[in-house]
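Position chain A against the provided structure of chain X, taking the given hints into account.
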Amino acid sequence: MEQWQGYIGLILQGAVVTIEITIMGCIVALIAAFIAGLGRLSRFWLVRWMATAYIEFFRGTSIFVQLFWAYFVLPLLGVPLSPLQAGVIALGLNIGAYGAEVVRGAIKSIPREQYEACTALNLTRFQEMRHVILPQAVVRMLPTFGNNSIELLKGTAVVSLISLSDMTFQAQVVRAQTGSTAVPFLTILLLYFLFSSTISTVIKRLERHLSRGLDGTGT
Amino acid sequence: MEWDWEFSIQILPQLWEGVKVTIQATILGTMIAMTLGLLLAIARRSANEWISRPVGVFAELIRGTPLLVQLYFLFYVLPDLGLLLSPLTAGVLGLGLHYSTYTAEVYRTGIDAIPKGQWEASKATNLSANQTWTHIIIPQAIPPMIPALANYFVAMFKETPLLAAITVLELMNQARSVANYHYKYVEPMTMVGLFFLAVSVPSVILLRKLEARFAPSNS
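Residue numbers (the numbering used here), protein chains in the order written: chain X, 1 to 219; chain A, 1 to 219.
Just so you know, these hints were derived from the structure itself, not from any lab.
Every value quoted in this text rests on a predicted model; they were computed, and no experiment measured them.
Each residue gets a CB set at the ideal place from its N, CA and C atoms; glycine is no exception.
Check the hints yourself; a few may be wrong.
To be verified - Derived Cβ-Cβ restraints for the label pairs, each shown as a range:
#: 1; chain 1: X; residue 1: S200; chain 2: A; residue 2: P202; range: 30 to 36 Å
#: 2; chain 1: X; residue 1: T178; chain 2: A; residue 2: I27; range: 34 to 40 Å
#: 3; chain 1: X; residue 1: L81; chain 2: A; residue 2: I23; range: 27 to 33 Å
#: 4; chain 1: A; residue 1: I23; chain 2: X; residue 2: R112; range: 35 to 41 Å
#: 5; chain 1: A; residue 1: P54; chain 2: X; residue 2: S109; range: 53 to 59 Å
#: 6; chain 1: A; residue 1: R45; chain 2: X; residue 2: W45; range: 46 to 52 Å
#: 7; chain 1: A; residue 1: S8; chain 2: X; residue 2: P111; range: 49 to 55 Å
#: 8; chain 1: X; residue 1: R48; chain 2: A; residue 2: L206; range: 21 to 27 Å
#: 9; chain 1: X; residue 1: W49; chain 2: A; residue 2: H182; range: 18 to 24 Å
#: 10; chain 1: A; residue 1: A47; chain 2: X; residue 2: T201; range: 27 to 33 Å
#: 11; chain 1: A; residue 1: Q14; chain 2: X; residue 2: W49; range: 18 to 24 Å
#: 12; chain 1: A; residue 1: K184; chain 2: X; residue 2: L81; range: 14 to 20 Å
#: 13; chain 1: X; residue 1: S200; chain 2: A; residue 2: R45; range: 19 to 25 Å
#: 14; chain 1: X; residue 1: G105; chain 2: A; residue 2: L81; range: 19 to 25 Å
Chain X with its partners taken away, still in its complex shape (with noise of 0.2 Å):
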């Protein structure tokens, strides 16, 4: 019994390094959504064209694919990565690009009136994107990118290939150390279901406090 506490810190120790990086490649995966997602509905051809490739490059490729290239290849191409750099930023701009797409279709399916209304009261672009359409068009966004998170975070245990310690990583050291196959394998599938029901509540809850006082949301 005591000894299975070691192990059970190990796998602990892991679901710290999991959080870490999910939170953080969210981060990036948010960010790289927006810049991408307005950048598709630009009126500058280029912009446009870039935001296009970017999302099509990394939906085109899995995750998988994506980490080992930025790990294995672009440190020869003079970008030396860590695995946590390589990890983070492939997940991050991996899911941004899936993010990108939502954020362009709940901005598009803004009814024209608000923009008309905007023109009308003689905003600019920028305070209209600001203070008129995102405000409404995040709320439509939540519920994917809840989805979107809990993609990203069943996305982390890849890192593991890359010798980054994550829950997968120690979970299959546990398994080389004591034999066991079943325990640790079904305690981080246990782990990593609560952490996706945990972002789908957290979620949830978001997007009641955000279409709280909009119109037709429905609350």
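Relative to chain X, chain A alone:
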């Protein structure tokens, strides 16, 4: 860093071996995901709570945890329980099982979209549950689902590199072994990325066409 053309051509045959396994895994995985997903969707709609509840929890659990960990589970835990699976079998099962929970959602929304009158008419004409499903509901529900299902087909194809983690010799693993052997990472890793892009970018275009064809009422 120079791109070595001679080396890239020299490794093509070995990468091709990997491509074959990748395609095989995708097709087998899709077959499992499509059939199992339908069974899950039907079971979740069952009037018997002892069936619908556990199936729902099971699906949530699979969807909330990483595919990589599930693959490890199948690959390491099942042999301890006396079920020895080859790496490819475990990989295909894991892939199929994971994505069946996603396809189940597609089926569920598709089935929910069938008007109530169809169910009532089936009852009125005294069709059995089995006949209702096979002759009335499924034939109407499937066509609108095709784009979403095709989307998961492409997603599974992109995720096959994960099977490398349980020693399946698919494209990513072949590339990794070539890279380790020659200690040259740029060419093999980049070629894997390009291969996936070369398949998934055209399939995105194809998917949009499918969407336009099968879901005209939705926009």
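(message) Is 19 to 25 Å respected by the C-beta to C-beta distance linking G105 of chain X and L81 of chain A?
(response) Because 45 Å falls outside the window, the suggested range is violated.
(request) Starting from the hint 19 to 25 Å, judge whether the C-beta atoms of S200 of chain X and R45 of chain A obey it. (result) 22 Å, holds
(request) With respect to the beta-carbon atoms only, verify the hint that T178 of chain X and I27 of chain A lie 34 to 40 Å apart. (result) 37 Å, holds
(request) Return holds or violated for the Cβ distance of R45 of chain A and W45 of chain X against the range 46 to 52 Å. (result) Check passed, 48 Å falls within 46 to 52 Å.
(request) Could you see if the CB distance from I23 of chain A to R112 of chain X stays within 35 to 41 Å? (result) 46 Å, violated
(message) I want to verify a distance hint. Is the separation of the beta carbons of P54 of chain A and S109 of chain X within 53 to 59 Å?
(response) 37 Å, violated
(request) Could you check the hint for me, namely that S8 of chain A and P111 of chain X are 49 to 55 Å apart, CB to CB? (result) 52 Å, holds
(request) Take a look at whether the Cβ-Cβ distance between K184 of chain A and L81 of chain X falls inside 14 to 20 Å. (result) Holds: the Cβ-Cβ distance is about 19 Å, inside 14 to 20 Å.
(message) The hint says 27 to 33 Å between L81 of chain X and I23 of chain A; measuring C-beta to C-beta, is that right?
(response) With Cβ atoms ~31 Å apart, the hint holds.
(message) Quick check on a hinted range of 21 to 27 Å for R48 of chain X and L206 of chain A, using CB atoms only.
(response) Holds: the Cβ-Cβ distance is about 22 Å, inside 21 to 27 Å.
(request) Evaluate the given range 27 to 33 Å for the C-beta pair formed by A47 of chain A and T201 of chain X. (result) 28 Å, holds
(request) With respect to the beta-carbon atoms only, verify the hint that W49 of chain X and H182 of chain A lie 18 to 24 Å apart. (result) Violated: the Cβ-Cβ distance is about 36 Å, outside 18 to 24 Å.
The structure does not agree with the numbered hints 4, 5, 9, 11, 14 stated previously, though it agrees with the rest.
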